[in-house]
Amino acid sequence: EAGVAQSPRYKIIEKRQSVAFWCNPISGHATLYWYQQILGQGPKLLIQFQNNGVVDDSQLPKDRFSAERLKGVDSTLKIQPAKLEDSAVYLCASSLVAGGAGGELFFGEGSRLTVL
Amino acid sequence: QKEVEQNSGPLSVPEGAIASLNCTYSDRGSQSFFWYRQYSGKSPELIMSIYSNGDKEDGRFTAQLNKASQYVSLLIRDSQPSDSATYLCAVNGGGGADGLTFGKGTHLIIQP
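Protein sequence lines correspond, in order, to chains A and B. Under my numbering, the first residue of the first sequence is numbered 1, with each subsequent residue one higher. Under my numbering, the first residue of the second sequence is numbered 1, with each subsequent residue one higher.
Treat the hints as calculated values from the structure; they're not laboratory data. Small disclaimer: the values here were computed from a predicted structure and weren't measured. Glycine is no exception: its CB is placed at the ideal position from the N, C-alpha and C atoms. Accuracy of the hints is not assured; some may be wrong.
[What the hints assert, rightly or not] Listed next, the in silico PhoX-like pairs over lysine-lysine satisfying Cα-Cα at most 20 Å (straight line): (1) Lys11/A to Lys104/B; (2) Lys44/A to Lys42/B; (3) Lys44/A to Lys2/B; (4) Lys11/A to Lys78/A; (5) Lys2/B to Lys67/B; (6) Lys104/B to Lys44/A.
[Claimed, not checked] Some but not every residue of chain B turned toward chain A, in silico, with C-beta under 7 Å: (7) Ser43; (8) Pro44; (9) Leu46; (10) Gly103.
Using the sequences and the accompanying hints, generate a full structural model.
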């Protein structure tokens with residue numbers, strides 16, 4: 001079974017530039033999450049999708065971050081304009097359980113962003 | 001805001017000994033509790049889940065939950081060098097709208 005796919009693995013940009021990350025969850029997984037993990041910290045939930053609807057985006061900095069999940073499968077996370085403090089690994093995760101506290105999240109390998 | 005607290009370490013344990021990792025959480029309504037292991041440069045992977053008070057054992061790993069004290073722990077018996085990693089405690093409040101809230105993680109080093 002294929003895991004969660006993410007791209008790009010690495011991205012270096014200048015501050016105020018824009019960047020987009022892509023995620024393809026495990027086939028059949030209804031719930032998709034984007035987490036931000038800053039070096040030395042635990043993952044922080046940015047947004048949770050249930051199929052193609054947003055369930056929780058309370059910690060998403062909406063002035064610069066946006067995310068979408070068209071057709072309930074792939075998702076993209078965009079940052080525009082980027083700030084130095086956005087340097088982090090962006091982890092996409094998916095879970096099988098629809099609408100429940102499934103708990104077992106399967107993570108992709110992450111996209112490491114460096115903002116200079 | 002929900003908080004999950006862990007001692008960041010590093011926690012150094014001799015090979016073959018028991019490693020004990022601890023976690024406290026702020027939301028009394030939390031229902032599901034997880035331990036994820038994260039190797040350096042890798043993504044987190046689930047190693048244990050626990051939902052009710054008491055102990056849950058899986059091989060060399062034992063998770064312990066005390067909801068009254070809002071406390072979760074992970075014991076690793078017969079620690080191996082391959083257990084050296086960061087261990088993340090994660091909590092889910094239940095319901096479809098709750099993603100996991102993670103602690104900062106405890107860096108565990110198993111000394112050969």
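Now for the hints, and whether the structure bears them out:
no.: 1; hint: Lys11/A to Lys104/B; verdict: violated, 24 Å
no.: 2; hint: Lys44/A to Lys42/B; verdict: holds, 16 Å
no.: 3; hint: Lys44/A to Lys2/B; verdict: holds, 11 Å
no.: 4; hint: Lys11/A to Lys78/A; verdict: holds, 13 Å
no.: 5; hint: Lys2/B to Lys67/B; verdict: holds, 15 Å
no.: 6; hint: Lys104/B to Lys44/A; verdict: holds, 10 Å
no.: 7; hint: Ser43; verdict: holds, 4 Å
no.: 8; hint: Pro44; verdict: holds, 5 Å
no.: 9; hint: Leu46; verdict: holds, 5 Å
no.: 10; hint: Gly103; verdict: holds, 5 Å
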